[in-house]
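*Asks:* One-letter residues, chain by chain:
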Amino acid sequence: MTKKEFRKLFNNRIVLLDGGMGTLLQEAGMPGGVCPEKWAAENSDLLIKAHRNYVEAGSDIIYTFTFGANRLKLSDYGLSDETVELNRTLAQIARKAAGRNTKIAGDISSCGSLLSPFGDIDFETAVDSFKAQVKGLLEGGVDLFVIETMMDLQEARAALIAVKELCDLPVMVTMTFDGPRTIMGSDPVSVLVTLQSLGADAVGCNCSSGPAEMVEIIEKMKPYAKVPLIAKPNAGKPTLKQGKTVFNMDAGTFASYAGTLVEAGADALGGCCGTTPLFIEKLKECTQSLRPVQRETKPYSLVCSNRETVEIHPSLPFTVIGERLNPTGKKALKEALKNGDMELVAEIARSQVEAGARLLDINAGVAGIDEKVTLEAMVRTVCNTVSVPIVLDSSNAEALESALRIYPGRAIINSISGEKEKIEKLLPLAKKYGAMFILLPVNDQGVPETAEERIDIVREVYNEAKKFGFGKEDILVDGLVMTVASNQSCAVETLKVISWCSKRFKVNTTIGLSNVSFGLPAREHINASFLSMAVANGLSTAILNPNNESMMQNVRATDVLMARDLDAKNYIDFYSGQTKSENNTVKSQASGKTLYDLILAGDRDAVEEAVRQELIAGRLAKDIMNMVLIPAIQKVGELYEKKEYFLPQLIRGAEAMEKAMKVLEPELVKNSDNNNHHHGIIVIATVKGDVHDIGKNIVAMLLRNYGFNVIDLGKDVEANHIIETAKKHNADIIALSALMTTTMNQMKVVKKLMDCEGMTCRLMVGGAVLDNSYAESIGAYYAHDAYRAVKLAEELVK
Amino acid sequence: MHEIKVLKCLKPVYNKSLILSRLGYDKKRTVLSGEAMREVERLILYTEKNLNLKAAYRVMDIIRIDAPQVVLSDGTVLSGMKLSELLKDSKEALIMCATGGSKIMELIERLQAEGKMSEAAIVDAAASEITDSALDLVMNMVGQYLRPKGQFLTKMRFSPGYGDFDITQQRDFYRLLDGETLGISITDTCMLIPEKSVFAIAGIIGK
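Chains A and B, in that order, are what the protein sequence lines are. So that you can map any letter, position 384 of the first sequence is 384 in the numbering used here, and since no number is skipped, the others follow by simple counting. So that you can map any letter, position 186 of the second sequence is 186 in the numbering used here, and since no number is skipped, the others follow by simple counting.
Please keep in mind that the hints were generated in silico from the structure rather than gathered at the bench. Be a bit skeptical, because a hint or two may be false.
Claimed, not checked - Computed list of chain A residues with no C-beta within reach of chain B, every gap over 10 Å:
id, residue
1, M1
2, K8
3, E335
4, A451
5, K728
As the list claims (entries may be wrong) - Stretches of chain A that chain B covers, calculated by requiring three or more beta carbons in the stretch to come under 8 Å of a beta carbon on chain B:
id, region
6, 176 to 183
7, 741 to 749
Unchecked claim - Straight-line alpha carbon distances no greater than 20 Å define the calculated EDC-like cross-link-like pairs of lysine to aspartate or glutamate that follow:
id, chain 1, residue 1, chain 2, residue 2
8, A, K748, B, D166
9, A, K688, B, D188
10, A, K420, A, D456
11, B, K8, A, E124
12, B, K8, A, D120
13, A, K237, B, D89
14, B, K116, A, E658
15, A, K4, A, E165
16, B, K8, A, E376
17, B, K8, A, E343
18, A, K715, B, E114
19, A, K103, A, D201
20, A, K569, B, E41
21, B, K27, A, E641
22, A, K431, A, E464
23, A, K237, B, D136
24, A, K791, A, D712
Note that beta-carbon positions come from the ideal geometry of N, C-alpha and C, so glycine has one too.
Produce the entire structure from the sequences given, and follow the hints as far as they go.
*Replies:* Shown next as structure tokens:
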């Protein structure tokens with residue numbers, strides 16, 4: 001079956017797939033614990049019957065019963081040597097069962113273990129395992145392939161590459177989702193973009209859940225889908241009835257979702273676990289009058305990792321491509337790459353993304369190192385560290401292929417020029433792995449000086465790319481920034497290219513920004529001005545240093561001025577509540593609020609100054625404390641009790657109070673107002689054997705700021721030490737925390753020692769595993785949470 | 001699946017509202033400014049980035065359930081009435097573990113030392129929830145492997161320390177999953193280090 005014939009299947013009709021096979025064969029007598037594929041091959045009559053039931057129910061495409069027949073999975077049953085033969089046999093059985101009009105899809109699914117980096121299976125091992133299966137299925141005469149029930153996008157890619165490297169048959173790929181993402185964390189759009197650009201002929205979702213939950217996944221894919229979309233859900237959720245697994249949805253209810261799924265964008269429907277030929281029959285009834293919804297034909301420039309998709313367009317917020325993962329001129333990175341040390345790569349990746357980079361350029365060009373090995377290692381590190389998509393900056397075809405092959409998303413190649421060798425080597429590579437690319441307008445004659453010459457090259461390369469199926473949306477043109485220090489008119493030529501690309505040719509653009517100022521002093525001014533000018537001419541992206549804050553300020557501002565940041569939302573989100581202080585650092589805006597409000601707001605930064613202002617205004621420290629701070633912190637507690645505040649707000653209030661008191665205390669001492677201003681003395685500790693102490697630390701801080709003198713002994717504290725400290729300071733309360741049943745008995749030990757010593761102070765206890773009855777059983781008082789510990793302590797010292 | 005399988009570099013899907021719930025956030029009553037919510041979200045992302053999530057699991061046959069005792073194929077005896085009830089329809093059990101690594105605990109301690117207790121509380125809650133989500137991921141993944149065989153997992157999972165499922169049984173889990181290879185250590189009092197580590201068991205239902 002050709003890809004064209006496959007697309008024809010979807011002309012003005014909904015394609016019907018098959019339903020669950022496992023259930024049918026189990027009912028036909030397949031025992032548990034056997035290799036299902038082997039058993040089915042040995043019981044071909046039963047398998048033919050199951051397939052025929054689906055053909056008769058109306059399936060346009062049936063799947064071979066080879067779900068787990070890849071080499072890795074078959075090794076669980078010691079059958080890996082039979083991979084090719086078993087797949088061939090099962091495909092032949094399906095062929096025998098299918099009528100003239102029913103197509104057979106060679107079914108491939110997970111190898112049963114996770115691929116690197118999640119698990120131990122190497123990418124190429126997975127590809128090879130799938131290839132053995134593909135070989136058998138091809139020998140068995142399948143019409144097309146389906147890769148289904150994949151949890152990890154990388155494994156789906158491995159299977160798709162395996163098929164593509166062995167044949168040109170159409171391939172459908174469906175993944176299983178858990179809520180809004182696949183189990184390994186990919187979102188529907190990244191799944192779609194990755195797979196359709198890699199060459200899948202249909203993409204979608206199977207298994208996962210019931211049909212209702214699948215609607216949202218298909219809806220999310222729909223706007224960006226260039227290929228038909230598939231929905232093949234389960235018959236609801238599994239339950240156990242009289243010792244048998246059953247699904248909770250009947251065929252009629254299942255099929256009643258057909259209209260909704262088609263409206264959401266599904267072009268092909270079928271069933272997965274728990275569905276039977278009756279479900280497909282009902283689906284056929286429900287879909288006969290349905291037609292696929294018309295798709296918006298707008299082309300999108302989409303690049304993605306396995307977790308995040310970025311759309312590039314001159315009308316959308318400017319896309320910053322982080323430039324810092326390039327060893328040129330960076331001694332530390334160069335050394336790290338030479339030594340194979342990827343820690344610095346991870347750190348640079350993280351810091352660029354935190355600073356606002358939406359894509360990361362990766363370059364491994366260091367003399368004397370193996371670029372292929374290093375680029376691949378850098379890509380793996382970046383993928384494990386951040387979610388943003390990548391730009392592969394290399395002219396080494398071998399290094400590029402190895403990186404593109406293992407990248408679990410859609411990358412951009414930086415770059416493909418008009419040079420003959422580049423076109424011949426790199427365009428097929430971009431096509432094979434579905435990458436976008438940066439078109440560099442230079443050719444074998446060198447770098448053209450004028451915009452017109454560059455535009456000619458853009459047209460030439462684009463025409464070549466079109467032959468491989470690329471559209472304008474798959475390309476970013478590099479405006480080619482030269483240094484103005486050597487030729488002052490070059491900046492204007494670059495702007496002309498950008499403007500032409502953006503306004504006439506309608507293609508995205510990029511620049512390597514910092515080249516423009518090379519050789520000049522105060523380069524940042526030239527860079528910033530040139531960036532603004534280029535953005536005004538329609539520049540979509542730039543490769544720049546996102547850790548240069550002034551450059552990022554420029555990006556945020558130009559996005560507002562060019563109406564790329566709608567309603568200035570991103571700008572306002574970033575800068576709201578912030579104002580510049582004299583030393584040009586950004587600080588929280590606190591002015592205008594009273595001291596009381598600042599405690600309520602937990603504004604740690606502004607509260608000290610506010611106390612000083614109160615003192616300067618002549619207010620007595622004692623009055624500030626009694627009339628402002630204490631009522632404010634009590635109000636914080638009240639709001640917490642009403643659940644209008646949650647724990648971090650309660651703590652922030654106490655932290656602000658702590659800062660205020662630090663300013664006030666010298667004044668209180670000076671005016672002898674500090675006599676016994678605390679409510680009481682509390683010795684607090686986490687008990688012996690218990691190393692968890694954040695809960696205790698929060699309680700200690702709150703107690704301190706509600707006026708107690710707190711002596712914090714830390715964690716894993718011996719009972720004797722607690723007793724001695726309490727005696728030495730004449731404590732009113734001993735407060736103990738324990739998180740585990742194995743350590744809470746230490747509380748009893750402390751209480752016994754207290755009784756032996758005849759101590760009159762109270763014992764207050766808290767912690768995750770405690771309750772009131774345990775506290776009472778040892779003669780202690782129980783505090784359920786940090787704030788109640790404060791209230792309880794206040795009661796106990798009354 | 002009977003041998004121990006180790007998963008690394010996990011980025012599980014987690015529920016932000018469960019992190020907020022751990023911190024006492026009440027959807028209807030708690031009032032939080034947009035700026036404060038963004039700060040919470042920033043800290044959750046910070047946590048996500050600094051967790052080094054690993055998980056391990058294995059499937060074991062259940063030889064016998066004689067409430068409260070559950071006897072596994074290697075002779076390990078787990079004990080708990082609710083645990084026995086959870087596993088009553090199961091012939092196999094999924095034993096699992098997730099750990100967030102030590103770096104996040106160092107960061108929580110650093111935040112406390114810097115006097116940023118509210119930030120520390122948020123990161124602590126986020127780290128607990130996200131680590132727990134790694135067990136959801138394990139269950140979803142294993143559930144998916146089981147489905148073609150007509151099997152599924154119990155909806156719930158139990159961890160030692162839950163109800164009468166005594167915390168000391170963490171030692172059995174530690175042994176069964178070889179906690180050391182995941183970088184986890186266990187104290188005499190059965191505490192797990194790094195703190196953001198969790199063991200659990202669920203039942204496999206069906207053939």
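*Asks:* Mind checking the alpha carbons of K748 of chain A and D166 of chain B for me, to see if they're no more than 20 Å apart?
*Replies:* Between K748 of chain A and D166 of chain B the Cα gap is close to 19 Å, so the pair holds against 20 Å.
*Asks:* Would you mind confirming whether the straight-line C-alpha gap from K103 of chain A to D201 of chain A stays at or under 20 Å?
*Replies:* Roughly 15 Å separates the two Cα atoms, so the pair holds.
*Asks:* Would the hint linking K8 of chain B and E376 of chain A be met if the CA-CA limit is 20 Å?
*Replies:* 19 Å, holds
*Asks:* Quick one: see if chain B covers the region 176 to 183 of chain A, three-plus residues with Cβ-Cβ under 8 Å.
*Replies:* Answer holds; 6 residues pass the 8 Å Cβ test.
*Asks:* Straight-line Cα separation of K431 of chain A and E464 of chain A no greater than 20 Å?
*Replies:* 12 Å, holds
*Asks:* With the threshold set at 20 Å, check whether the alpha-carbon distance from K237 of chain A to D89 of chain B stays at or below it.
*Replies:* 17 Å, holds
*Asks:* Is the Cα-Cα distance between K688 of chain A and D188 of chain B 20 Å or less?
*Replies:* Answer holds: K688 of chain A to D188 of chain B is near 11 Å, not above 20 Å.
*Asks:* A451 of chain A clear of chain B by more than 10 Å, beta carbon to beta carbon?
*Replies:* A451 of chain A is indeed farther than 10 Å from all Cβ atoms of chain B, at 42 Å.
*Asks:* Would you mind confirming whether the straight-line C-alpha gap from K8 of chain B to D120 of chain A stays at or under 20 Å?
*Replies:* OK: K8 of chain B and D120 of chain A at ~9 Å, within 20 Å.
*Asks:* Taking a Cβ-to-Cβ distance below 8 Å as contact, does the region 741 to 749 of chain A have at least three residues touching chain B?
*Replies:* holds (count 3)
*Asks:* Straight-line Cα separation of K569 of chain A and E41 of chain B no greater than 20 Å?
*Replies:* Judged against 20 Å, a Cα distance of about 17 Å means the pair holds.
*Asks:* Does E335 of chain A really sit off the interface, with its C-beta more than 10 Å from all C-beta atoms of chain B?
*Replies:* The claim holds: E335 of chain A sits with its nearest Cβ about 24 Å from chain B, beyond 10 Å.
The structure agrees with every numbered hint stated previously.
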